[in-house]
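A.B. asks: If you want the building blocks of each chain, they are given just below.
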Amino acid sequence: MIRESQVWKSIFRHPMPQDRRNRIVVMLTNFFLHLHPVSVKKQGIALSYTWCMGGVTFFLFLVETVTGVLLMFYYRPTLEWAYNDILSLRDVTSLGILRELHRWGAHAMVITVWLHMYRVFLTGSYKPPREFNWVVGVILLLLTLLLSFTGYLLPWDQLAIWAITVGSNMARATPVLGHEGPGQQLLNLQGIDMITNASDARFALLGERFVGEGTLNRFYILHCIAIPLAVSLLLAIHFWRVRKDGGISGPL
Amino acid sequence: MHGSSTDISGFLGGYYLFLAAMNAVMAFHVWHNRHRVGEAIFWIVVFFGLMAAAASSLGHSPPGLPEGLRNAVNYATGPVIYSVGTTALLVLAFVLRKFLVQPRVAWILLNVSLVLMGLSMVDPNFAAIVTKPDNVPIVGLVFLLGFFTWLATAQAVKNDERLKQGLEPLEKLDNEKVLVWPDLVYTELICMVALTAFLLIWAISLQAPLEEPASRVKTPNPSKAPWYFLGLQEMLVYYDPWMAGVVLPSLVLVGLAAIPFLDFNKKGNGYYTIDERKFSYLIFQFGFLEMWVTLIILGTFFRGPNWNIFGPFEFWDPHKVLALNNVDLSQYFWIYGMGEALPKAPPGSSLVWEILYILKREWLGIALLIGYFVALPPLMAVTVFRSFFVKMGFVRFMLMANLLLFMAALPLKMVLRWVWNLKYIVSIPEYFLNF
Ligand code: HEM
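The listed protein sequences derive, respectively, from chains H and V.
Here the first sequence is numbered in this note's numbering, starting from 1 and rising by one per residue.
Here the second sequence is numbered in this note's numbering, starting from 1001 and rising by one per residue.
Same shape as in the complex, but just chain H (with noise of 0.2 Å):
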């Protein structure tokens, strides 16, 4: 009934994939689907060979931005509300559940991140032609973990500002560009300073002298938007290449 109606047939073009035909049409068909190519290699899609590790990469992705999305309506990240938000999803929201999905997602993802490394290596897949995908892979892994460290400081408890401290305080020692790196006396004009700490990479990267309401607004920028839309892009990009470079690699 439902399958006859116009309204079904205006989203899917076609009868169930229960035939050869139809099975290729769905995946030409359907905006998701379309992302795959129509057949594969048996060998390439075996759990043994990928473990799917770059398929549940993706999926994590995903759940976090949607758990993240969700607890954006709960969060405000201001020194007087951030913790206490947080508290309020532990002890208050009955949402509160999203907090620990989205962190322990995180978690995962940067497990899982490197275990797909680790098999596209053990594979040799970064070899030609796939050198290319394997440099946006690289960029997605520091992007990964960037992620997790901005999202770090959200909840603003001690754990939270002492790991971004000890983090962050490294940036303070960048060369040239640290108050505290070598070479930091170069840039100085007659006689003045530039590089400060109240100007150096460390500056940049906090907003402040040390980790405060300014820091927590642009970790929050950068974990919320930033981020997630450079992996976004890039991901989209490594996903086409995938396809681009003959699919999932397999013997020549």
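Bear in mind the hints are in silico, worked out from the structure with no lab data behind them.
Built from N, CA and C at the ideal position, the CB exists for glycine as well.
Be a bit skeptical, because a hint or two may be false.
Just the calculated beta-carbon pair ranges, DEER-fashion [as the list claims (entries may be wrong)]: (1) R76(H) to K1132(V): 42 to 52 Å; (2) V38(H) to G1146(V): 32 to 42 Å; (3) H1319(V) to A204(H): 55 to 65 Å; (4) R76(H) to R1104(V): 33 to 43 Å; (5) G1049(V) to E208(H): 51 to 61 Å.
Keeping the supplied structure of chain H fixed, place chain V with the ligand upon it in accordance with the hints.
C.D. replies: Just chain V with the ligand now, with coordinates in the frame of chain H:
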């Protein structure tokens, strides 16, 4: 810290029940599918042993490790034992890989490690660290890495055997094409459902951590970076922040991105193999497993207050003092070697003189570094790495040589520290330039 062993006995009961069930399935599998009765009986015995452990755990007296053993482990734990030990284990695993990947051996190893984990959990100090919510994923990482390393190595060993006989790798046998709907789409669907279930269970059973509100005056001891950066924090023991926090991480990324352009070996593209690409395999495994993952494990589970190393069963005592007097190379040379004071520009001298004096003070370290990074690569090119140099050309070879030397510099510095308490090879605090 005390008496918490009863709190986790319920958890341990479930844990042993799960392990017992695993072995029951295994016993059934070898008996039913493989018709190996003797082996099945063995796993049944293991099953009963685990059931007994589960029973006593549920009766609030979970089995643990003897105190003497725990003390011995604590006593032995130290940077040297840890680093040399893990490296030795990895080398051993590599050499014995044909033996270790056999399913039976792997299953025994899995059982042993899981049981050891269970026995250790009874120790309150061990449990306190391992069950810290943010540390739980790292325990998962260790087991996942173990599993996937086994999976990859098992396939590589099989393929290497076949390749030696002139056959194609196993992956080639499955070369026929299948339709994505249903073959891939359904796999993906099942993966998504399983993963969602897994995440939900994890989220329900383990609460996300939330400590006291942030305070800039109360510094926790130890202060740790997020776990995935603990390898970098560990490098801070041996390097200044500009190296450990900026230069080396950048080089890790550059080095990773450069792999496809440095590895000129055309073999081993698209299938598991070790023999056909031993060099790149070993370098990557060393970099990833030893210099990244084991440093994270060290930083997470063994580094306590004041960044001291603690044994897995040791109480994290903030007052534990370790005498640390590390000495710079220049001090070794001038003070101990020449019996003089460190060269120092007379007060009021010009910048140029100051720099010249610094160069004089640090000449040995600077010469060593130049030797290591500038003279060694050409030397490598004409000796051990001759064939590499010929195939790679000048630029690519130099890039690879320098990346490798940077990578090797960390273990080298570790050894120098342990053996001679060497702090910096070049130490120019005037310009924040210590190496
Ligand atoms: C957010 C992170 C990432 C996601 C979501 C992702 C996703 C994927 C997916 C779905 C595939 C298809 C095959 C498979 O599932 O294994 C793939 C392939 C690939 N990925 Fe990633 N990836 C990520 C990060 C990386 C990283 C860190 C690297 C390497 C440094 C990498 C390198 C590659 C390469 C070279 C391929 C092609 C491999 C082949 O054809 O066998 N990716 N990726």
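A.B. asks: Could you tell me which of the numbered hints above are not met by this structure, giving the numbers in increasing order?
C.D. replies: Numbers 1, 3, 4 - these are the hints that the structure violates, sorted from lowest upward.
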